[in-house]
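Trainee: In case you want the letters, here they are:
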Amino acid sequence: MPRPESKTITFTIDGREVSAPENTMLVDAAKLGDVEIPVFCYEPKLGQPVGACRMCLVEIEGIPKLQTGCSTPVKDGMVVYTQSDRVTIAQQAVVEFLLINHPLDCPVCDKGGECPLQDITFGWGGGISRFVEPKRHFVKPLELSPLIAIDRERCILCYRCVRFSQEISEDYQLVLLDRGAHSYVATFDGHPYVAPFSGNIVELCPVGALTSRAYRFRARPWDIESAGSVCTLCPAQCNVAVTVRDERALRVLAREHPEVDDGWLCDKGRFAYQSFHVPERITQPLVRDGGFLRPVSWERALDEASAGLRRAGARAAGVAAGTTTSEEGLLLARLLREGLGSPHLDARRSGTVSTGLARALAAPALQARVSDLEFAHAVLVLDTEPVDDAPILDLRLRKGVRRHRTKLAVASPGATTLAEPATLCVRFAPGAGAAFAVALAAALRGEDHAALARDAGAEADQVAALSDLLRGSESDEAQGPHEVVILWGERLTAGDSADHGAQALLSLADALGLADTDGAGLLEIPAHANGRGLREAGVLPNAGPGYGELAGAAGRDAAGIAAGLAAGELSAVYLLHCDPLRDLPDRQAWGEALASASTVVAHASHLTQGIREHADVVFPAEAYPEKEGTVVHPDGRVQRLRPAIAHPGEVRHEWRVLAELAERAGLELTLHSGAAAAELLYASVPFYAGLTLDEIGGRGVRWQERAAATELGAAAPPAPGPGAASASAGEAAAYRSLWDAPEVEFSPTLEFLFPHPELLADDRAASAELLAPELETAS
Amino acid sequence: MASPPNSEDGGAAGAPGTSAATLNVAAWSPGDDVIEVQRTPAPGPTRSTWRTFVETLRGLGTTFGRFHETPVTVQYPEEKTPVYPRFRGRHKLHRFEDTPQNGAQAGLEKCVGCSLCAAACPADCIRVVAAENTPEHRVSAGERYAEIYEINLSRCIFCGYCEVACPFDAITMGHDYELSDYDRTDLIFTKEMLLAEPLERTPLRNEGE
Ligand code: SF4
Ligand code: SF4
Ligand code: SF4
Ligand code: SF4
Ligand code: FES
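Read top to bottom, the protein sequences are chains A and B.
Using the numbering used here, read the first sequence as starting at 1 and increasing by one per residue.
Using the numbering used here, read the second sequence as starting at 1001 and increasing by one per residue.
Keep in mind that the hints were calculated from the coordinates and are not lab data.
There may be inaccurate statements among the hints.
What the hints assert, rightly or not - In the DSS-like style, the derived pairs of lysine-lysine whose C-alpha atoms are separated by at most 25 Å in a straight line are:
id, chain 1, residue 1, chain 2, residue 2
1, A, 31, A, 75
2, A, 45, A, 407
3, B, 1110, A, 135
4, A, 31, A, 65
5, A, 140, B, 1110
6, A, 45, A, 75
Put together the whole structure using the sequences plus the hints.
Mentor: This is how it looks when you write it as structure tokens:
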């Protein structure tokens, strides 16, 4: 779908000639001429303006009444006044009216100091109020949800929060009740406002009516610093700004990036920072001694880990997940491959895609960007549930449907939250994603797909309907190439059907001509936050950095490692941000595997079951605002984590720990800084060649858009075979949502969203026992 | 690398221990920036003698001329200089007098932990960390209270801006100026110290005094 274009026009504002794109709203156009028009309810992210607050009144020549600048598109030759007497009087009146029922409790209000109402009252208000009658009163503050407090007296009825709930997250929970001056924001029947994106209304509210319960009263704007970062709690990698006071993270705000997050955050990203500063966090190395984990010095922990790994030698293995950065992945790969001579290494949950197919899938021409989800003619969500896998993409899909009439189709094994905006929902049998893709590809090529659809547990006519939708009708074709984006989950290439899934995707892409169409393509949601980066850094059993060929034979994948450990063929395992009992499928196999492993080295931030029962050496893991390293967004955007807060306790940079172990294993790395580690990564992966930290900057850069992208030697994929993909139901059953994470479990206000409350008490008790201050000093 | 102008001659560049003899001193000349120091001409013998005797005696004359006056030294600490009522000394935090809570003797704190004093402070010596009042644990009248309130008096310049900024008259400048201590950290006054009834050890100046 063509991106909106507009021509530039010239208009006059306060006697100044200003050029602006036609049809932008006056408020935005005025900014181009350095004129500020005050606004409360206008927020372009929320879609069409509503003109609720009347703060933005301006005088336009030729129109007798004052107009709202937020909803008047600018036209050529318009003459606008924002400082005439009429406008000033109107602005002062609006402020006076807004303050009539406002409690003016700025000293106790959390918004004080960063409050648009304060600023606008100061800048455009009359300075006095003539209102002496009693104000409207509500009970305050009330709990709108465990995350958000609402103070209805402060609400200026701008509708922003309600519009967010109705039009952006489409959960339809917030409403305005009652009328006139008595209106108030509420939920139906007073139910708590619990939704995956509820935290955004705190940031949207222009006054202190909606405040975060986790941040309430923690700091004032002049007490804090803001540090840009990238949330790595899920693959969506939203850009965030961490509010820092006394070297601790106190709040996480969105740092709008139209190509990544569109300015929104999910509640996990917004509130899970609390888990970085809880007493349950591991902040010093632990070593198992007489059956119990005990805090020890770094030297001792490093000795134990390196001795254990050296004993295992080629029988060691490694699994990376979670917030592992690409540098850490690369160092782990080098430690295992070069230091210990073991090829057993994985960063995928299950299954291995052969190198040629992986390269073909990563081909720049096939890669869709996040913004393509919004502007494509049709989007197919294939075997993934965005709200559980990469939540922010859920909002992007809804935006596309709502504002650009994208046709959304969802193919999934279960019910989907996208059913309402979707044009078509197709079901297939759990674990049969690959088989379904094969059937769909056959339907798109016009072959007989009935049997294939039956194999995948889908209905043949639904598959046909889906293929029609993706192919587009004749009338669509008249408007240029039909852009289709396929958003697929890593589950499609899980287990034994990994190659089938990959092949089926490639043949889908081929049938739809995705490679030749700009704005069309494939977009994968990996299972782990930096899944793409780790694979590109070579944390795969069958490929080196940049999907390069390995010198020796391929190693075992995650499931193979578990089997090898249980059978005694492997003896040590290195777990980087990964508790296999939680993060990987087949909990039972991993339980046995870890129990029979002789050395388990783990980087962990919390004592979850797998770590506390099986790890022999635990290095304290860094939280993402403490890290220095590179992460790669699912669409290939290389982003950078820069340290924002201090390491608590004895936590060290994890790349340093891995580099130290690698050096003890005989590698010569001489890495002295995070920048040097990054350089090593960019030099190791051919298609990152020449990347610099400056180039990545704060917004990241897609490697597909750089000259070095050609270094990804695209191998011709094998011809798509017949769909014999078997349904691996075990994998589907082990499906894990992003809310099932220690960051959610250990964040005091977020814990109610943790899906396994029964684990919570155990994990808490174990942490309290082990990490109690007495014990820490005892060793 | 092109050698920069004004660097040492020859290949000695960068080598440690380059002796002064090999330095091209002219290259280091600061050029036109040098201004010659202006000196008065050295005094002649008459002037020197005049200075030594006559001027010295004149100075001594002033000294001896004051001999009959009473001393102005204040015998601190036995004797203290009284201060004006608006003198800005050590800060005090205040409580409401009429709202004793939960059987406690003292009333609620006036400070709500809004941090406005910290924002106003030019020396950046106030640190406020606020927390939320609960019905069981009510410290101040508003929704929030100051959990930590510290003033680093070794940094404070006693400008009184904090007093002016406070919307609740919770902090005022007292009269106490006796603020020396053996340890810098003891000069960080905590909320408890600031709330405590201060020692009345500074006399107030009476009217007309
Ligand atoms: S919302 Fe703004 S103006 Fe209202 S009390 Fe809070 S800080 Fe003051
Ligand atoms: S609560 Fe805030 S965002 Fe919602 S209507 Fe009131 S002022 Fe606007
Ligand atoms: S008197 Fe001035 S310097 Fe001292 S604490 Fe108050 S504002 Fe700061
Ligand atoms: S002393 Fe006054 S200005 Fe300072 S935090 Fe307390 S209430 Fe606010
Ligand atoms: S900003 Fe224009 S009416 Fe609210």
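Trainee: Against this structure, judge whether each hint is valid.
Mentor: Hints, one by one, checked against the model:
{"no.": "1", "hint": "A:31 x A:75", "verdict": "holds (15 Å)"}
{"no.": "2", "hint": "A:45 x A:407", "verdict": "holds (21 Å)"}
{"no.": "3", "hint": "B:1110 x A:135", "verdict": "holds (24 Å)"}
{"no.": "4", "hint": "A:31 x A:65", "verdict": "holds (22 Å)"}
{"no.": "5", "hint": "A:140 x B:1110", "verdict": "holds (20 Å)"}
{"no.": "6", "hint": "A:45 x A:75", "verdict": "holds (22 Å)"}
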